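K.L.:
Sequence:
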Amino acid sequence: GVLFSFILFNPMAGIGILFLPFSIPAVIFGGIYLAYCAYASKNSRDNINHDAHFFGALTGLIFTIIFVPGILQNFFAIIGAKLGM
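Position one of the sequence shown corresponds to residue 509 (the numbering used here), numbered consecutively onward.
Source of the hints: derived by calculation from the structure; they are not laboratory data.
Careful: at least some of the hints might be erroneous.
What the hints assert, rightly or not - The list that follows gives simulated cross-link-like pairs (lysine to any residue, SDA-like), each with its CA atoms no further than 20 Å apart:
#	residue 1	residue 2
1	Lys590	Pro533
2	Lys590	Gly539
3	Lys590	Leu516
4	Lys590	Pro519
5	Lys590	Phe527
6	Lys590	Leu526
7	Lys590	Tyr547
Being a predicted model, the structure only gives us computed values, none of them experimental.
Given the sequences, and given the hints that come with them, work out the whole structure.
P.N.:
In structure tokens form, the structure reads like this:
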């Protein structure tokens, strides 16, 4: 949840994965993470509760949107500026 709250504040921040020599924008990492959690929830046979991670991420987003007025406008302004819109 904390990571997804951070993504709303700074969507273009670089997020790296241990042992990989590059980083990707936080907003893209968040999308990949949610997609993986949804996929793993249905197809994984490990002992990880992927649903808990998925809904924890969504909870971080929702709480931030509720308690920080204007965060969505800020989020889209940063994305728009990066895309030249």
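K.L.:
Now look at each hint and say whether the structure bears it out.
P.N.:
Evaluation of the provided hints:
Restraint check: the Cα-Cα separation between Lys590 and Pro533 comes to about 11 Å, which is no more than 20 Å; the hinted pair holds. Taken as a hint, the Lys590 and Gly539 pair is honoured in the structure, with Cα atoms around 17 Å apart against an allowance of 20 Å. Among the hinted pairs, Lys590 with Leu516 is consistent with the structure: their alpha-carbon atoms are about 14 Å apart, no more than 20 Å. Among the hinted pairs, Lys590 with Pro519 is consistent with the structure: their alpha-carbon atoms are about 10 Å apart, no more than 20 Å.
A threshold of 20 Å between alpha carbons decides the hint, and for Lys590 with Phe527 the separation of about 27 Å lies outside it, so the pair is violated. The hinted pair formed by Lys590 and Leu526 fails the criterion: a straight-line CA distance of about 26 Å is larger than 20 Å. Of the supplied pair hints, the one linking Lys590 and Tyr547 is violated, its CA atoms being roughly 29 Å apart against a limit of 20 Å.
Hint check: violations occur at hints 5, 6, 7; the rest are consistent with the structure.
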